[in-house]
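So the protein sequences, as listed, match chains A and B.
Numbering-wise, the first sequence is residues 1 to 533 according to the UniProt record's numbering.
Numbering-wise, the second sequence is residues 1 to 352 according to the UniProt record's numbering.
None of these hints come from the bench; they were simulated from the model.
Predicted model, so just to flag it, every value in this text is computed and none were measured.
Please note: incorrect hints may appear among the correct ones.
As the list claims (entries may be wrong) - Keeping only pairs whose Cα atoms sit at most 16 Å apart, straight-line, the calculated EDC-like set for lysine to aspartate or glutamate is:
id : chain 1 : residue 1 : chain 2 : residue 2
1  : B       : K171      : A       : D136
2  : B       : K70       : B       : D40
3  : B       : K55       : A       : E61
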Amino acid sequence: MTVTTPDAGPARNGPARFGVPGRLRRLAPRPALLVASTAAVAVALVPLVYLAVRTAEAGAERIGAELWTERVGLLAARSLGLAAVVTAACVVLGVGTAWLVTRTDLPGRRFFAVLAALPLAVPTYIAAFAWVSTVDRLEGFWPAALVLTLCSYPYVFLPVAAALRGADPAQEEVSRSLGRGDWRTFTDVTLRQIRPATAAGALLVALYVLADFGAVSILRADTFTRAIFVAFDLGFDRTGALVLSCVLVALTVLLLAGETATRRRGARYARLGGARRPANRLRLGAARWPALAALVAVAVLALGVPAVSLARRLVSGVSRPGALTEVATAAGNSLWLSLAGAALTMLLALPLGLLTARAPGPVATVLDRLAYLAHALPGVVIGLSLIFFGITVARPLYQTSWLLALAYATLFLPLAVGSVAGAAAQAPPGLEEVARSLGRGPLAVLRTVTLPLTLPGIGAGAALVFLTGMKELPATLLLRPTGTDTLATELWTATSVGAYAAAAPYAALLVAISALPTWWLVARGGLLDKEDR
Amino acid sequence: MPVPARRSLAAVAAAGLLSFGLVACGSGEDDAGDPGKAGDKIITVYSGRNENLVKPLLDKFSQQTGITVKTRYATTAQLAAQLLEEGDKSPADAFFAQDAGALGAVAKRDMFAPLPAADLEKVPQAYRARNGQWVGVSARARVLTYNADAVPTAELPKSVFELTDPKWKGKVGVAPTNASFQAFVTAIRVQHGDQKAKDFLAGLKANEPQIRDNNVKIVEDVDKGTIPVGLVNHYYLGEIAKEKGTTPDGLKAKLHFFPGGDTGALVNVAGVGVLKRSAEDPDTRAFVDFLLNPESQKHFAEQTFEYPVVAGIAAPAGVPPLTDLDTPDIDLNDLDTLDATITLIKDSGLVP
């Protein structure tokens with residue numbers, strides 16, 4: 001049963017305790033959350049400050065010369081085109097797979113739920129490298145679109161599968177009882193129920209594509225990110241690279257504005273109480289075989305190709321990785337840095353996520369969108385901006401794990417904010433209001449009610465940030481403490497001298513360690529639970 | 001699915017502990033960004049050269065001198081950007097770069113201290129900075145690598161400019177984003193003027209070259225036979241051979257040195273510069289001395305297949321000695337006009 005939010009009584013009494021006048025309160029709801037969120041967003045905006053400072057130094061003439069060229073127009077069109085194609089493909093693949101594993105009687109659906117999430121553990125530079133080693137002369141827009149789709153569709157699959165599983169079946173049942181068929185019920189009811197989850201995942205995919213350098217550089221798809229990397233390589237041209245980065249920020253603003261505009265106000269489909277009840281599973285009948293074949297094919301392309309390619313490289317080369325201790329140290333460093341990054345990111349994401357969920361409105365929306373801005377910047381730009389920040393502002397942090405953790409936080413904040421906000425939105429605010437009305441202070445409510453309720457979201461966000469941090473390379477190269485090797489940097493070291501066999505174990509370990517949080521994300525979505533009835 | 005409050009408290013406590021752990025672990029590396037003092041037996045080197053290639057050498061240095069080397073590995077271009085961003089606050093003592101262009105970019109910002117004459121004099125004038133701000137430590141020749149099955153030696157081009165001939169359409173591998181390709185294009189401009197460079201790039205582009213991300217990939221594809229020829233540095237053959245457990249002779253990919261002082265046979269260097277604040281640091285000076293001593297020079301010849309730049313050390317196996325190469329008459333100091341080269345490469349459409 002869906003229960004409406006009891007947002008009467010207690011909530012109205014709340015503000016008085018803050019001692020904030022009513023009008024100010026409307027403008028700035030939840031002052032403590034707001035201050036903390038603003039601080040979090042300020043951290044995420046460090047790269048933009050750097051961009052502004054350095055680009056301004058270049059002078060109007062130089063900026064104009066870099067900007068108003070046919071080349072920039074082409075790059076913008078191609079980047080947006082790639083983002084559009086990959087996002088559309090990921091939505092089809094992600095929603096389709098999610099629907100198959102949550103709403104049908106497909107054999108082995110729990111197994112396929114894990115397989116569908118696992119590509120999240122494969123960095124695009126490994127996948128792209130595997131593909132060029134497997135297929136000769138693979139290059140350009142479409143191969144890059146293929147590899148990016150295979151690597152990033154779990155960003156759609158995971159939230160949509162969770163939403164499908166959590167959605168209230170009553171609405172669908174009503175739809176059917178009113179005479180709509182299965183297909184129309186799916187398009188008119190189910191797809192709308194999962195729309196927020198789909199849109200959130202699609203936005204992450206689109207931004208991921210804009211920021212990706214691995215697939216586009218190896219497969220030579222000429223996008224902004226590749227042009228930015230090339231600008232650094234070509235004559236160490238920081239200014240040109242940074243001007244291009246500004247365009248990338250502008251493209252991000254466009255995407256964010258588009259996504260915000262299509263959001264339906266007040267659309268909230270969470271189940272607000274009552275017992276969880278699973279939806280009926282559709283009997284696929286003979287259709288199960290093509291469905292099965294499709295899922296197997298996707299798994300082979302996304303996971304099989306990299307696995308086989310790595311194995312072949314390991315067998316055909318004679319180079320070997322360093323001593324076991326070296327591999328273990330790199331793995332330890334990867335774990336440690338990604339954990340630190342995840343912890344710091346969650347610390348920043350928590351107030352922002354809670355603000356978005358609990359005090360929605362223009363202020364929360366703007367702050368939330370601002371947190372996304374740096375997400376589409378390539379790692380090398382984030383790296384340089386934090387070098388700038390470290391050298392000029394935070395000298396004691398420079399070239400320590402902390403600054404790198406901060407880089408991960410600015411890069412991956414949106415991944416975490418989304419998870420926290422999602423979990424908080426599903427928890428009825430009524431509980432917090434009741435607690436407040438019973439005399440608990442705001443901190444006590446946060447500790448005893450809000451945090452426990454959002455804990456699954458915090459965990460999911462942390463897992464997502466952790467495994468994305470494991471894969472990150474460009475910012476890690478620039479910001480890691482001198483002498484610290486991670487799995488990703490060791491992989492880079494070995495592949496750049498052609499020692500592919502030495503690289504393979506690092507790649508395998510990187511994927512294996514990242515697979516653990518991925519598996520956990522699947523389990524958390526309830527996709528591994530035994531049949532509900 | 002409410003989670004018991006106690007569990008959440010435990011999680012918060014764990015997060016808190018983790019943060020303290022972060023601080024504790026972080027403090028161990030607090031000196032990571034600290035420039036350090038002269039003569040403290042610790043130096044920080046930014047290495048644009050690959051760890052696999054130079055770490056054994058740096059370990060040897062530490063063993064012999066008792067000086068700890070903290071090495072920061074990244075691409076030469078990224079480290080150049082990092083150094084320019086850090087300015088005079090850089091914790092680096094020395095920059096060990098993959099090519100002269102990057103050293104020139106840092107030197108142009110006046111970040112390097114002049115090196116002692118004793119070091120400079122070991123290296124021919126053409127392979128070091130005129131103002132003494134950096135010195136080459138190993139040399140690499142531009143070559144045409146070719147697949148012996150696909151291209152008979154008689155058909156090999158006499159000059160790199162022949163590669164724009166329709167006969168090579170779709171057959172030439174290039175890595176236009178690579179710094180050594182840029183140095184080569186600058187060399188064309190120095191030797192023959194901008195127009196010739198522009199025409200060459202346009203001809204190359206019209207010939208539908210096989211563009212690769214880096215030289216390793218080109219040599220691999222030439223060895224496999226998927227590309228007949230490619231423009232690379234000579235030592236990549238050694239790297240690929242090493243991975244295959246053989247010597248360069250055992251590969252299908254062979255080296256062709258352009259004759260007659262052709263621009264295609266340009267010799268470039270990997271080199272080192274010392275940051276200003278370490279001008280008087282005996283440890284950093286010892287490091288530069290070490291790179292130019294006979295033992296290190298031999299290491300480059302034997303382990304990285306590069307040419308030694310100090311006289312009297314044998315060339316790597318399987319290639320003619322540097323003195324026998326018919327190299328173009330180009331001073332690396334004249335290759336510092338990168339901006340014009342980059343504009344040409346960008347305009348050619350070979351890069352995005």
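Hints and how they fare:
1. K171/B to D136/A: With Cα atoms ~14 Å apart, K171/B and D136/A stay inside 16 Å; holds.
2. K70/B to D40/B: holds (13 Å)
3. K55/B to E61/A: violated (44 Å)
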